[in-house]
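Protein chains: 2
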Amino acid sequence: MPNPSPVLTALAVATALAAPAGPATAAPESAVPPKTMAELLAASADTDWRRLDPSSTLYLDLDAGRVIIELAPRFAPRHVANIIALAREHYYDGLAITRVQDNFVVQWGDAQRPLKGAARALPAEFTRTVDPAAPFTRLPDPDGYAPVVGFSDGLPAARDAAGATTWLAHCYGTVGVGRDNDAGSGSGAELYVVIGHAPRQLDRNITVVGRVVHGIERLSALPRGGGPMGFLDATATGAPIHSVRLAADLPAAQRLAVEVLRTDTPLFTRLVEARRNRTDDWYKVPAGYIDLCSVPLPARISAPSPAGSD
Amino acid sequence: MPNPSPVLTALAVATALAAPAGPATAAPESAVPPKTMAELLAASADTDWRRLDPSSTLYLDLDAGRVIIELAPRFAPRHVANIIALAREHYYDGLAITRVQDNFVVQWGDAQRPLKGAARALPAEFTRTVDPAAPFTRLPDPDGYAPVVGFSDGLPAARDAAGATTWLAHCYGTVGVGRDNDAGSGSGAELYVVIGHAPRQLDRNITVVGRVVHGIERLSALPRGGGPMGFLDATATGAPIHSVRLAADLPAAQRLAVEVLRTDTPLFTRLVEARRNRTDDWYKVPAGYIDLCSVPLPARISAPSPAGSD
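Keeping their order, the protein sequence lines are chains A and B. Per the numbering used here, the first sequence runs over residues 1 to 310. Per the numbering used here, the second sequence runs over residues 311 to 620.
Keep in mind that the hints were calculated from the coordinates and are not lab data. Possibly wrong hints are sitting among the right ones.
Stretch by stretch, here's where chain A covers chain B in the computed footprint (C-beta under 8 Å, at least three residues) [said to hold, decoys possible]: (1) 440-448; (2) 601-609.
Non-contacting residues of chain B with respect to chain A, defined by C-beta distances greater than 12 Å in every case (computed) [what the hints assert, rightly or not]: (3) A391; (4) E500; (5) D590.
Yeah, the Cβ is synthetic: ideal placement off N, Cα and C, and Gly gets one too.
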């Protein structure tokens, strides 16, 4: 979860967690406006959250557990449809992680595995014409890589100066479609997830299809590949991919009730400000700025998970 | 190494690596100006590199191998001296990694372990008065977190608008000193390394003491901690720290000949431009911008390593 905390010493953390509740004379909770992210989330209403749509939610199951990806059909409709087709024909099942490049990406897929009905290559969906009906919460902070940035459908997104064209930004957890030099050579048969400092130079150069909302540490902590560009060399065995499934294709009882914080609410605006200018006791100098990829996009599992599925 | 590559498919990588050399009629190498980072580094001269100073180089030895940290005495002289004192009294030896927070930091230390001569707490060194003699290569790209950014002694650094005050920036690989809420509560007895998207909000809030120049994947791929803020919980055993040594305290034959690319050369300026506006066949849209923490700071081992030390 993108929730960087202060760099407290272990002892201070242990002390803080062990601290007794405040004295009986403390002000009632409602008198203290929430100011940290934890306090804001604790004060959030159910309407501040949005349940993931099972028809655009992927479960990637590894030995280490489940990784949950929210797909972005508004930004890459053809690629998202093809990834769903690939999942339905069980293309990904039994493959393995092929690339783990430190401070960059984890990648999987096999461009040579036969396909059943899914497409082998698709026209690029690097950018889109802005849909006036699409939600967009602008981040007021300037961005070096795009004239306008903000959040659309809970995803970090950018727009051109005219507001005519939009694209998804590469932040930690962004999921995209590997391709060769030809812009139209990707299909979803190779996917990657960002596990390092935001590689924003990829923006508008590759098709982004979504974001990991849960379990990214199951990818980011994988052993790094020893070959060029972090591909696994012949001596290494990549983490097996047990299956990739669309949540909607599973019985309802096997789906996880994952919610993500909405990015079009007053609470989200307050959360961004709480992170732009931190006012807790640890921080001495508020940054006065927050970059697009430092804005936390919290997720929570709102119902008990089926045994073994999380 | 901070060297993000294109997101090529595995097949394309295999093909590229297997590609035959150019035809015999190809232009001689000198006729083609280098344009990618790999080409620029291949064309670099020995004078473009700087050998690490053993008196400010730490070796952190884990089961997974060696992590090499370049210390920054110009920015945090008292903390660097104290960390060297801690290493010399073998304070770190036999400790373990205590915290692995995804997309944030790895941390180690034990604020309760008795010290011999090293200090338990030191006055903060969050910022410094600019030394006019210090090298500083300004990055022309605007930065949201500081009026001026660039590189000083090979480290990402920032300055205030007046050019009077400077500080090191938190990028992937940055090493700093954990502290409690009191600004003067750090000493180096707990250290952290950034393993995620640059947490620039920490800038000017904590003492930065250097940067990992080699082996960061031995930290970034560690299993994430299950407790609050990524601290390891009672069920987990942190990766053991065999030793932390100052390179100068080892016999010369046991030191690694690590060089880092100088950041005050025309080659470095060309490298930054090559990454700001990529012109290789894969990229379709050059970014036109590069953020401070996306600038690669290459290192190389220029002599054979002693057996088992790398």
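The hints, checked one at a time:
With 0 residues bearing a CB less than 8 Å from a CB of chain A, the segment 440-448 of chain B misses the requirement of three and the coverage assertion fails. As drawn, the segment 601-609 of chain B meets chain A at 3 residues by the rule of a beta-carbon pair under 8 Å; at three or more, the given contact holds. At roughly 20 Å from the closest C-beta of chain A, the C-beta of A391/B stays outside 12 Å, upholding its exclusion from the interface. Once the 12 Å rule is applied to beta carbons, E500/B is inconsistent with being away from chain A; the minimum gap is 5 Å.
Taking the minimum C-beta to C-beta distance to chain A, about 9 Å, the non-interface status of D590/B is violated against the 12 Å cut.
This entry does not satisfy hints 1, 4 and 5, going by the numbered hints stated previously.
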